[in-house]
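For chain A, the structure is supplied; the task is to place chain B on it using the hints.
Those protein sequence lines, which keep their order, are chains A and B.
Here the first sequence is numbered in the numbering used here, starting from 1 and rising by one per residue.
Here the second sequence is numbered in the numbering used here, starting from 1 and rising by one per residue.
Mixed in with the good hints there might be a few duds.
[Said to hold, decoys possible] Cross-link-like lysine-lysine pairs, in silico, DSS-like; alpha carbons within 30 Å at most:
| hint | chain 1 | residue 1 | chain 2 | residue 2 |
| --- | --- | --- | --- | --- |
| 1 | A | Lys103 | B | Lys12 |
| 2 | B | Lys113 | B | Lys131 |
| 3 | B | Lys105 | A | Lys184 |
Please keep in mind that the hints were generated in silico from the structure rather than gathered at the bench.
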Amino acid sequence: MKNRIGLVVGCLLIMVWCLLPVAWIISLSFKSEAAITNGSPGFFPSDGGGAGWANYQAVWENDQFRRAILNSIGISLIATLLSVIVATLAAYAIARLEFRGKKAVLTIALAIAMFPVVSLVGPLFDMWRAVGLYDTWPGLIIPYMSFTLPLAIWTLSAFFREIPWEMEQAAQVDGATSWQAFRKVIVPLAAPGVFTAAILTFFFAWNDFVFGISLTSTENARPIPASLSFFVGSDPFNRPASLLAAGAVIATIPIIVIVLIFQRKIVAGLTSGAVKG
Amino acid sequence: MAAITMKNIVKKYGDGFPAVNDVSIDIADGEFMILVGPSGCGKSTLLRMIVGLEDITSGDMIIGDRRVNDLAPRERNLAMVFQNYALYPHLTVYENIAFPLRLAKKPDAEVDKLVREAAETLELGEHLERKPGNLSGGQRQRVAMGRAIVRQADAFLFDEPLSNLDAKLRGQMRTEIARLQKRLGITTVYVTHDQTEAMTLGDRVAVLKRGVLQQLATPRELYENPGNLFVAGFIGSPPMNFLPATVEGGQVRLPFGSVEIPADKAERAAGRGLLIAGIRPEHFEDASLAAAEGRTGSTFRAKVEVVEWLGNETYAYIPFESPDEVKAQLQQLEKDLDGEAMRTQLVVSLDGASRITEGQEAEIWVDGRRIHLFDPATGENLTVDHAHAGRIPGAEVPAS
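Extracted from the complex, chain A is given alone in its bound form (with noise of 0.2 Å):
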């Protein structure tokens, strides 16, 4: 009894801890502009400080926000699904075929993922201009995908070697071809792991800033992150907060949506039952 409440006390204070931030920008997102320049300390908004669903509506109706909302969906989007075909065949290969150079692979994509995001950005920046990619959706999604695939690699080829090879041998001998083996038996065992690997991917797309800020100059790629940063409402000299963090709240949101559809597709244990009991 005495370990729950120390268990309850302990979650409490971490889940303060990590959720105030987030519990803040959203009362902020619900106060005035003026509320905020003048103060207000209040987790509440203060008497005739609201703003009620104000700031989210101008928000919304700002076109450069729209914009940028869509660009970070589609980059995102398409940068997870090309990460994941790519990670998924090549991680298959590392788990089921001898090669050589397969160590080698392994290991430049680990320090692929280990390289330092900025130092890329000057190179990328020159020849991007150069080859007509800068601020260009697929000026963003390939570097994106050259910094997910490595993990998404690493993630897919663990899962891929804890599916027996019998499954593949079976579907063989049952008449499949090492193509229908694969599509049939061995991506549907994987699947937690593709997910997995779809999902640090969309995160890691979803928040990069630095791409984002560096590599565009208007609203033809600009992502989220980078967009909100150049909001600027009508006084340049006074940041509008409210609508910051109106734009905030609504950039998280399909986070949110991605992860719960994602995470009913992450059931533990999918292979259990495949071979021996």
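Below, chain B without anything else, positioned relative to chain A:
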């Protein structure tokens, strides 16, 4: 339905070690063939070469009238049951069984009919909508068999299908497999290391040791006429007793005394010096009981160390010393059989009515006609009856 013919099959791995060495086996249409041997004898490798999961280094694999060496598994039309069943956990039992049919793009109505028939045969009807994860070991085993029988393959291949089941279930499934095979009349190759399965299921049994075929014969032939020491030691439980022996005239001299053997056996083994005599435990008997039944044969006296009374029979253990020459050979044999180097002792199986007790100096009767004599250097059975021993590679020409 098809016959399977293996001609001089060799499998060498990257390091040049032959896992299967020059094995030739012909399996008739509808025959139940067992591949048996201790672990590492190449029996599973051989099976996987039949089904196409392992490349064949050299030799010919012929199924029906097609040489299948270079065909992919899916082109061979064989059905296989894996040791761990390899069911698809994301599919229901129904879809697991239907999987081969779906790949063959059969119409839904036909798939449904065939799956329900197979489920009926295997009494899986009520489990069709469940996932393999929720089934018991025996049920999973049956699903794996359902997946095999549903597609009317040319042959069934089983890779130690019962080794993951508990003893009771294993017995039931064994009979089930035998019944199914008889009913479908389909060519079957069955790999096992369990000699009970080998003896009870097989029309013929191929005994393998370190990739080499030792003997290919019916279970009875293997038991009564083992081609060499290895087969003799492998088949039978408790195993055959091996004793140092010398032949003088019509007599075999054993550590306990002399035993009379038939003249033709004595003749074949004469003048070869020290030999190994092989006598099955049940060819001994309590001398007083044997005399009462009027059985003829030699008797000897020995001190019984341990007695195990099982009701219907009694095992008596009698220790003996053997010369180093024989000991080395027997230790090697024990290693080949995956056994532990045990002491040299005689295991005799007596009738349950025997009153012999531990520590007693007992009189034991031995059936001299059933003694086999082996060459200690080559392990070859000198007294084998070639007419009733199936095929023993390397000894195909009967010694006259």
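Outcome of the hint check:
Between A:Lys103 and B:Lys12 the alpha-carbon distance is near 26 Å, which keeps this suggested pair within the 30 Å criterion. At roughly 20 Å between alpha-carbon atoms, B:Lys113 and B:Lys131 fall within 30 Å of each other, so this suggested pair holds. A threshold of 30 Å between alpha carbons decides the hint, and for B:Lys105 with A:Lys184 the separation of about 14 Å falls inside it, so the pair holds.
Of the numbered hints stated above, none is contradicted by the structure.
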